[in-house]
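Residue numbers (the working numbering), protein chains in the order written: chain X, 3 to 175; chain V, 79 to 278.
What the hints contain is simulated information worked out from the structure, not anything from laboratory work. Predicted, not measured: the structure shown is a model, and the values here were computed from it. For each residue, glycine too, the CB sits at the ideal point set by N, CA and C. Hints may contain errors.
To be verified - Computed spacing ranges between beta-carbons, pair by pair:
no.: 1; chain 1: V; residue 1: 164; chain 2: X; residue 2: 54; range: 25 to 31 Å
no.: 2; chain 1: V; residue 1: 225; chain 2: X; residue 2: 27; range: 20 to 26 Å
no.: 3; chain 1: V; residue 1: 168; chain 2: X; residue 2: 89; range: 44 to 50 Å
no.: 4; chain 1: X; residue 1: 14; chain 2: V; residue 2: 204; range: 52 to 58 Å
no.: 5; chain 1: X; residue 1: 138; chain 2: V; residue 2: 261; range: 45 to 51 Å
no.: 6; chain 1: X; residue 1: 118; chain 2: V; residue 2: 250; range: 15 to 21 Å
no.: 7; chain 1: X; residue 1: 18; chain 2: V; residue 2: 166; range: 51 to 57 Å
no.: 8; chain 1: V; residue 1: 204; chain 2: X; residue 2: 171; range: 37 to 43 Å
no.: 9; chain 1: X; residue 1: 132; chain 2: V; residue 2: 166; range: 52 to 58 Å
no.: 10; chain 1: V; residue 1: 214; chain 2: X; residue 2: 164; range: 48 to 54 Å
no.: 11; chain 1: X; residue 1: 19; chain 2: V; residue 2: 261; range: 41 to 47 Å
Stated by the list, open to error - Okay, the calculated bits of chain V under chain X, using three or more residues with CB under 8 Å as the criterion:
no.: 12; region: 120-128
no.: 13; region: 191-203
no.: 14; region: 208-219
no.: 15; region: 237-251
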Amino acid sequence: MKRWAGPLAVLLLCAVGAHALTLHFTPAVIMDRAMAALATRGVALHAFTSPQRVTPQTQSVVRSSPDLYYALCRYDLGDPAARLTVRMGAWPDYQSLAFFDARTDNFATLRGTGRAIAVGLLPPGSAPQAGAIVSPSERGVILIRRLAPTAERYAAAAEAGKADACSLEPVSG
Amino acid sequence: MRGALRYLVGVVAGSLLGLGSALWLAGLWPARSNMAFGDIDVGGWRSDFATGSEAADPYTRARVARHGLLALAKTEAVYFTRATDESGAPLREGCSYRLSGGQMPAGWWSVTLYDAASMLPANTDGALSIDAWRAGGGAWSAIVAPERPADGSLWISSRGSGTFDLTLRLYMPDAALLADPNAALSPPVIKRLSCGEGGR
Numbered sequence: 003m004k005r006w007a008g009p010l011a012v013l014l015l016c017a018v019g020a021h022a023l024t025l026h027f028t029p030a031v032i033m034d035r036a037m038a039a040l041a042t043r044g045v046a047l048h049a050f051t052s053p054q055r056v057t058p059q060t061q062s063v064v065r066s067s068p069d070l071y072y073a074l075c076r077y078d079l080g081d082p083a084a085r086l087t088v089r090m091g092a093w094p095d096y097q098s099l100a101f102f103d104a105r106t107d108n109f110a111t112l113r114g115t116g117r118a119i120a121v122g123l124l125p126p127g128s129a130p131q132a133g134a135i136v137s138p139s140e141r142g143v144i145l146i147r148r149l150a151p152t153a154e155r156y157a158a159a160a161e162a163g164k165a166d167a168c169s170l171e172p173v174s175g
Numbered sequence: 079m080r081g082a083l084r085y086l087v088g089v090v091a092g093s094l095l096g097l098g099s100a101l102w103l104a105g106l107w108p109a110r111s112n113m114a115f116g117d118i119d120v121g122g123w124r125s126d127f128a129t130g131s132e133a134a135d136p137y138t139r140a141r142v143a144r145h146g147l148l149a150l151a152k153t154e155a156v157y158f159t160r161a162t163d164e165s166g167a168p169l170r171e172g173c174s175y176r177l178s179g180g181q182m183p184a185g186w187w188s189v190t191l192y193d194a195a196s197m198l199p200a201n202t203d204g205a206l207s208i209d210a211w212r213a214g215g216g217a218w219s220a221i222v223a224p225e226r227p228a229d230g231s232l233w234i235s236s237r238g239s240g241t242f243d244l245t246l247r248l249y250m251p252d253a254a255l256l257a258d259p260n261a262a263l264s265p266p267v268i269k270r271l272s273c274g275e276g277g278r
């Protein structure tokens, strides 16, 4: 029995370690795969892309809502001398501008019902600035949602989306 | 040599045990789970208000990453999911249900049907959800079934879904809902009407 004491201890240690590592890395791995899938489906880097209205045939992300207009922007703030400038055009109903980091955390959301919003996104570790948000990770996704439960409202939301912008710009000064 | 082999067995078995237990507890393996989980249970509708936030425990974080990627934090929206009817039986395509409710403590709400893979079912019925706009104010009801109800009722199509769940989205939730969901929310009721061919 004593001969198995050491291997059993190793088994327990490996089980605990593998358990913790799996949980730690799973969100980042899934987010990484999701971002790769979004890129494959044409979601641009540093520009808003609006997929087609969500249907069973067009859905690309789990649990998408068929009642919402979505616009996505992938970002990569690997260059510390650059910042992302994000604008969400005006929309009379509910709309929001949500930021997700590489571990899937929704680290900021700005609600813009009836108004336009402009905000900067800074690389991790940046000093806080007025009118800007610091991203916890270099890479992530920005998602605009607009309430658009009918085909007519969806078409109107897409028209409003022409005022959306997501662009990488050099830090001034 | 045998000693080294025992240690090797310990490493392999332990790693597999840790990997499998993590995936199982997070609902990622086997492909069994949906979003009907969380520490909040209001009339059988489950939610975890830590969804989308840094406060989410690692199991919630992993499950949401798989089944609810890009979900909003609770200040903007909360999500409740139910995978069983009022009798506790799993929701399935072969049955029809009456979904009924009233006003919700939020600026806007919707109920959407998802299959076991957390995707919209592969049908072309154009009846994937109902929402506050379509239901109007006050009491409402809808039929969840694979075929359109003949009486013109609101309809959520379950055609092609197999077993499914319903997700209640509550956008711009009232402060009272976040503080005490059991007191603030009267969730929709899911009553099974019949089972069999065509669901009705």
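Any of the earlier hints contradicted here, and which numbers? Result: hints 1, 2, 5, 7, 10, 12 break, sorted rising.
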